[in-house]
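Going down the list, the sequences are from chains S and X. Count along the first sequence from 1, then add 28; that gives the number in the working numbering. Count along the second sequence from 1, then add 138; that gives the number in the working numbering.
Each statement offered as a hint is correct.
The list that follows gives simulated cross-link-like pairs (lysine to any residue, SDA-like), each with its CA atoms no further than 20 Å apart:
no., chain 1, residue 1, chain 2, residue 2
1, S, K458, S, E381
2, S, K181, X, R549
3, S, K134, X, K479
4, S, K56, S, R130
5, S, K188, X, L532
6, S, K209, X, W521
Covered by chain X, per the in silico footprint, the following chain S stretches (three or more residues, Cβ under 8 Å):
no., segment
7, 169-181
8, 206-213
If the Cβ cut is set under 8 Å, some of the chain X residues that face chain S in the computed set are:
no., residue
9, F511
10, G515
11, V542
If you're looking for bench data, these hints aren't it; they were derived computationally from the structure. From the three backbone atoms N, C-alpha and C, an ideal C-beta is built for every residue, glycine too.
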Amino acid sequence: MISAIVFIPLFAAVIFIFVSGKNVKFFKIASLAVSGFVFLLSIVPFIKFEAANPLPQFQEFSHWIGFGLNYRIGADGISLMLLLLTTFLAPLAIASSWNYIREREKEYYIMMLLLETGMLGVFVAQNLFLFYVFWEAMLIPMYFIIGIWGGKKRVYATLKFVLYTMFGSLLMLVGIFYLWKVSPNHSLYFYDLYSLKISDSTQILLFAAFALAFAIKVPIFPFHTWLPDAHTEAPTAGSVLLAAVLLKMGGYGFLRLAIPVFPEGFRLFSPYLIVLAIISIVYGAAMAFVQKDAKRLVAYSSVSHLGVIMLGIFIFTFKAYTGGIYQMLNHGLSTGALFLLVGMVYERTHTREMERLGGLARPLPLLSGFLMITVLSSIGLPGLNGFVGEFLVFMGSFEANKTVGIFAALGVILSAVYLLWMFQKVMQGKVKNEAYMKLPRMNLREILIMVPIVILYFWMGLYPKFFISKFEKSAKFMMEISSKTEIVQVIDGGGK
Amino acid sequence: MIALVPLLILVGFGIIALVLDLFLLRWWAKLSGYAGLIAASISLFFLFSKRGKFLNGLLVFDAKGIYASLLILVFTFLVFLIADGYDLKVGIVEGELYILFLFAAAGAVVMVTTSHLLVIFVGMEVLSVASYALAGLRKDELSREASVKYAILGVFSSVFFVFGMALYYGETGNLFISPEAVANPSPLMTAAALFLFAGLMFKASLVPFHIWTPDVYQGSPSPVAGFFSIVTKIAAFLAFLRISGFLVNPAVRWFLIGSIILTVIYGNFVALRQKDIKRLMAYSSISHAGYMAMALLLGEKGGWALLFYLSVYGFMNLGSFSVISSLVENNSLDDYKGLSKAAPSLAAGMAFFMISLAGFPPTGGFLAKFFLFSEVGAGGYWWLVVIAILASLLSVYYYLRVVVYMYMKGRVEKPIFAYFPSSLLAMFASILFILELGIFPRTLIYFLRIFI
Numbered sequence: 029m030i031s032a033i034v035f036i037p038l039f040a041a042v043i044f045i046f047v048s049g050k051n052v053k054f055f056k057i058a059s060l061a062v063s064g065f066v067f068l069l070s071i072v073p074f075i076k077f078e079a080a081n082p083l084p085q086f087q088e089f090s091h092w093i094g095f096g097l098n099y100r101i102g103a104d105g106i107s108l109m110l111l112l113l114t115t116f117l118a119p120l121a122i123a124s125s126w127n128y129i130r131e132r133e134k135e136y137y138i139m140m141l142l143l144e145t146g147m148l149g150v151f152v153a154q155n156l157f158l159f160y161v162f163w164e165a166m167l168i169p170m171y172f173i174i175g176i177w178g179g180k181k182r183v184y185a186t187l188k189f190v191l192y193t194m195f196g197s198l199l200m201l202v203g204i205f206y207l208w209k210v211s212p213n214h215s216l217y218f219y220d221l222y223s224l225k226i227s228d229s230t231q232i233l234l235f236a237a238f239a240l241a242f243a244i245k246v247p248i249f250p251f252h253t254w255l256p257d258a259h260t261e262a263p264t265a266g267s268v269l270l271a272a273v274l275l276k277m278g279g280y281g282f283l284r285l286a287i288p289v290f291p292e293g294f295r296l297f298s299p300y301l302i303v304l305a306i307i308s309i310v311y312g313a314a315m316a317f318v319q320k321d322a323k324r325l326v327a328y329s330s331v332s333h334l335g336v337i338m339l340g341i342f343i344f345t346f347k348a349y350t351g352g353i354y355q356m357l358n359h360g361l362s363t364g365a366l367f368l369l370v371g372m373v374y375e376r377t378h379t380r381e382m383e384r385l386g387g388l389a390r391p392l393p394l395l396s397g398f399l400m401i402t403v404l405s406s407i408g409l410p411g412l413n414g415f416v417g418e419f420l421v422f423m424g425s426f427e428a429n430k431t432v433g434i435f436a437a438l439g440v441i442l443s444a445v446y447l448l449w450m451f452q453k454v455m456q457g458k459v460k461n462e463a464y465m466k467l468p469r470m471n472l473r474e475i476l477i478m479v480p481i482v483i484l485y486f487w488m489g490l491y492p493k494f495f496i497s498k499f500e501k502s503a504k505f506m507m508e509i510s511s512k513t514e515i516v517q518v519i520d521g522g523g524k
Numbered sequence: 139m140i141a142l143v144p145l146l147i148l149v150g151f152g153i154i155a156l157v158l159d160l161f162l163l164r165w166w167a168k169l170s171g172y173a174g175l176i177a178a179s180i181s182l183f184f185l186f187s188k189r190g191k192f193l194n195g196l197l198v199f200d201a202k203g204i205y206a207s208l209l210i211l212v213f214t215f216l217v218f219l220i221a222d223g224y225d226l227k228v229g230i231v232e233g234e235l236y237i238l239f240l241f242a243a244a245g246a247v248v249m250v251t252t253s254h255l256l257v258i259f260v261g262m263e264v265l266s267v268a269s270y271a272l273a274g275l276r277k278d279e280l281s282r283e284a285s286v287k288y289a290i291l292g293v294f295s296s297v298f299f300v301f302g303m304a305l306y307y308g309e310t311g312n313l314f315i316s317p318e319a320v321a322n323p324s325p326l327m328t329a330a331a332l333f334l335f336a337g338l339m340f341k342a343s344l345v346p347f348h349i350w351t352p353d354v355y356q357g358s359p360s361p362v363a364g365f366f367s368i369v370t371k372i373a374a375f376l377a378f379l380r381i382s383g384f385l386v387n388p389a390v391r392w393f394l395i396g397s398i399i400l401t402v403i404y405g406n407f408v409a410l411r412q413k414d415i416k417r418l419m420a421y422s423s424i425s426h427a428g429y430m431a432m433a434l435l436l437g438e439k440g441g442w443a444l445l446f447y448l449s450v451y452g453f454m455n456l457g458s459f460s461v462i463s464s465l466v467e468n469n470s471l472d473d474y475k476g477l478s479k480a481a482p483s484l485a486a487g488m489a490f491f492m493i494s495l496a497g498f499p500p501t502g503g504f505l506a507k508f509f510l511f512s513e514v515g516a517g518g519y520w521w522l523v524v525i526a527i528l529a530s531l532l533s534v535y536y537y538l539r540v541v542v543y544m545y546m547k548g549r550v551e552k553p554i555f556a557y558f559p560s561s562l563l564a565m566f567a568s569i570l571f572i573l574e575l576g577i578f579p580r581t582l583i584y585f586l587r588i589f590i
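Chain X extracted, bound-state conformation (with noise of 0.2 Å):
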């Protein structure tokens, strides 16, 4: 029962926060939804200490599940901040959007601390559904489009799970991941193990299954896009990880790896033509997805570098849809025009976001990669570091020309932005984690190597 709580505490959180919005009382169902991720995060810390199986071994609350959902909370919390001001700005008067925040955080965490296959895909299905609806908040066409598209692809994905789900109960009877079970090569057991893959894909955004991430990203509110970029890559990336046992298949594994080296190469290069920043940032995504794939091959040894690097990509891209949502749905390129003169702070903020992405030390960007790829190098995938890291130099290029459009490109009228007083503090919060996690990491990597 224990280990529901902190699922408890954010649907029950969410549910008081649905009533109060019914009330027209905003205010009090926003503050219901920080006190949800508070608590939900307090009670994280509790269970750490009897961290374990839990309800028949349905959900695994190790250190990997915990630190994966604290960080899936923090994360919410951020775009919380980020979407506070920003909602009112474009016209989303109604509290659901946080609601809609709390029941996807919870189908997060449920995905995160599972080896259940069918909870993998309840918790897949809540955090979903939710997404679909966050997609398509903002009320103009582009919106409802990347909420529609979202959905209608997501099923396919969800399709793909299930199928997957069924094959792999046709041969070993029941839904429980176990090592014996997925190390076996039948050609029914790597069919099952290729749609699971499949589906996880998906909500990863990797190649070929990106296709929706820079539709749904332009046309998503901006805070939305953020947690699609980071809260869904923690679940999906948790859940791989879960089932990265297929590995040992070498079918599954050439499947995956051709999937990272098309990945780097294709988010890589699309991105360098993007002239709107939402869609640069959901094809940075999409590369950056290919990286930490690359994880994945090395099974739960990769696991703490994997979790490194999404605790830094979480702020990274955090950050940056917070300065993305002060300049409220202006996303041309053309729009950063002229910024670092007239509002200094967020251009500041932007650039060092753009740095750390393109991974420069001494931002949490750099050690990120420099944990992944060696530990992905040291596995004996040396070739597959070289292409990598090759195709992240072509994001050097597109990073850096984002600053070029603030800083060296000057204009007449005015950009438009507002300064939302909670979303700079989400900035400047993500400022100050990059730094210490590029600069003092060390105890979260002794955390990280010793539990993880």
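Just chain S, same shape as in the assembly (with noise of 0.2 Å):
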């Protein structure tokens, strides 16, 4: 089941390269219908997920190459979750491209499938070998989504994000050739991690190798300076997916290896985490006051919303744990639709400059209303999704600590300002450009783009149990397994 849904899109990008580059058309409707169906496919283990079991579900198993590189998959509450924000996201995606992309159409609907099947299967997979096959064979699609279809710095801003990420990766290898030397049968079986035992300074060594690779991933300040670069150059569904999707990858790689596998090393380093993801709360704020550039400004968001994330995850009290796994939902979400909508105002005006901009809602006035409301989702408006995420992680963070909490709420306000600042740029005032009074207005592909999106602002953002209900499970068992070693041996006979 789920493996159907990891490659179905790989299977499509292989058939892909047999049709001829000029039906253009062809590929663009066969790869939305590819990633739809896809999701279509993954409401399925949706509904028939059992919340109360909080172990990895619908698991699959074959030797592949034995020694304990095996294939393994199955999905949790956690990864069910992330695995359900992927395959929406991607059909979004691909629609957005539609008019965006203009050159070597087959070559990047191509990629944008092979990107999904390397996202999906990041986070289904259940064997640490097969993670890190999927973690590193993700980036070769997106080095060329930014490279061939971004804007002028395109190509030093794609090998920044390859290099950057697989600095961090190749130590993070180093720390899984040493777990499967030392793993008692060469298991790399996730719950078999969970349950190894190693001593306390190999424990920090390693977490830091693993943590530097998810910190840089996340990313967390300092190591956040590939991301406003990628970010910024990518076309707009590479940023979608980047944001969305690919930056989640980080803090999943936290909570499901990081600080599970290692639980001293992160009792150790987490202190210091925590401070870490305050300064980029705000600083990632700070640095969005600053930008002039609209896609810039919301990818310095990212990195402030990604410390909301990141606090909540590293806090670990209950409350902002959840928060922040869905708090990664709402993200995926929110920040996916902001770099849609900037990338529709740059379909048409050709620039993001905001000073350029400014009154754009007389001529485009549900654009205007998309962005409004995703900018309100993205500040935490009580009625839509982010309030929800970012409550739980500073109600959780206040619990742990006081000045935590107060310091983690002044990034909210920032957040607010700045994208309110930004709204109000581009939106309103003026019209800057007589010439803006003819833009088009939103088509039906656009309008149905963000129409799923918005619903989903509501719906999470006023029934969150229906959402919370699935994870909250899977992600109190994760925290168990990263405290105590005993509850893990006895899921070991188990999860076999």
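Bring the two chains, given one by one in their own frames, into a single complex with the hints.
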């Protein structure tokens, strides 16, 4: 079941190779159809999922290479939600590129589908080796997407993105070698790794290696410098998937691997990580303030919002942890939507300089409305999705440490300021350029991209229990694994 | 006697080709070359059931030797495919290219199937002399320079090796590698080991004996450079593996470790600045030699990881050289600009090989590094693995830079290239094998781990 979800895009991409590049329409429609079908397919596990069971469900296993390098996938609550987020956004991202991508469409849609497979694989892999394979493999399509269809400084941005990510990953790879060699039967199954007994000093080293890889991916200050470049230069769909999905992998890696496998390492590092998360919140917000380019502003707002997510995970109280995971989904939606909307503005005006925009609400009322609601969702207005996640994170943070809570909340106020400010500059005020009055309104395709996202804002904001109940148990379970070792022994037998 | 069959086949078909070439039956000479490779490969399969020592122990056809010989033949076959078409285009009209390849391959097979120093030396010389001639086959200054440079420096390395042999003989009274003799840390033995190592390090192009590599690669005809980049390496590393017992001696071990560190750092750093694709491949082959040499530190235990690495590396490198040959000696990176539009299949193939060389999953390049580095780490050299893996980060940059040139830089004039059917065949075969080794290597890994 899950295998099908993961590999259908890959399969389609392979078929695409043999289709002539001249049938542009075919690639647009077929890739949308494939990713749409994958989304529908991914609803099945969502419905069948047993929320009371915290362990990975729908497991599939094959020996593959052997020696512990097995193919094992499955989804627990957390994986399931991220899986769904990815399958939900991929068709929207593909649809958003229909007009934006005007050269080498064949290669583009192949890359998008390959990227989808890579992203889905990361979230459902239950074997560390398989996880790493997807984690790295996904870099390649992203490298091409930024490098071929990106903006002016695309080559610099894409190489920076790949090299930064690789740097962290390679040290993690050394950690994986070590785990592979010490693990009984060379097992790299996550739940076998959780029960490994590793000496404290080794744990600290390995946690550092894993944490570096994930911190670069998140990214946490001071490892964030690749992000503004990559986001700004990437084509709209690339930014959307980068922000919405790729950045979640870092957080996912922390909660799935770094923290539970090396709990002692985490205990030692957590105060520093919390401080870094707070710096990310404030620093990202401060940088967003001074940006002239709307897309770059959104990119820095990502740094800030991801700080909140990571804070939720690092603080390690149940509320904050759950909130952090929920916020991952929210951030995926709202920042993804922000990039989509900025992209739509750019397609019309061919500029993202906020100085040169203004008053677009008059020619583009609907777009302006979508942007408003997305901004509100992003800054956490009660009733919309962002509020729930942030509220949980801050509640959890206050429980653990008041100072931390205060600083984190400060970041949110800042984010309200700069995002509303951006809205004001782009949409309100005088129309800067007469030609803007003739801009085409949102077409049906664009409206259809935005509507499902907006529905989810309300759904997730008004009835969060529907989603939280799916992963609550898994989250609690991951926390228990990370704090005690006894429980692990119990599931050890069942997990095999 | 039976052990001589593969060699006799190779040399026999080589001589037949030589005679045919004499009567200007160029096409038949080439065919005889292909036939020789296929026949020799088949004979290896028969030898596998009878593996052991032959001719009083002078030839050792064990699993390792047979597998390595097979690799040599397969890769020579690929080189044949790559050269077919390219040769006429650059004006190599005689069949001697194929004949020399056969003799060189025979030399390489000798080198991987013996643990007697003199026989190693004989194999090495057969391989080398053929190689010197091969390097100079294109009729221009660059190619001649490559040939002369390779020959002069190659003779030096042979001298090192012979001197090492002499010292070894002086200590033990014979030239068989025996575990007791190599473990002896006496000064004479240490000196012998260092000289033997230096000779082989030259062939494997490990720093500081790498100096010939970039010039020879750049000057040689592209398929020949491809041949040097893999067949010579297989021969050198297998010979290394046979004498890896010397590494018990700390002086020798640290000599090798020092060289490895220099190699991975130097090779990767210098490759960053290369503007010529063949020089880039040369430095890349230097750094890969550095990674592979790490497996030697484990002795026989590292053999399977080394052989797996060599298998994958051969396909990656020859695949890239099949594309390089298709651009017929337009080797500047600038010549690759816009290739993705003019020749999508060549560009896609090259991009694939670059990604594999950089070690991204799910290609074979990743698994090769995964097994090699993890084995070396488990052998207690974690720090060395960290150095090598960080150095390999640099390689990601320069491999992807080739892709940048092909895909992300436009240009006005059309790139110059030719589609050679057999070369394309070699390219697609390499892609398939790399994917096979990267995604479904289970059978091969089991084979290597059981027999080697």
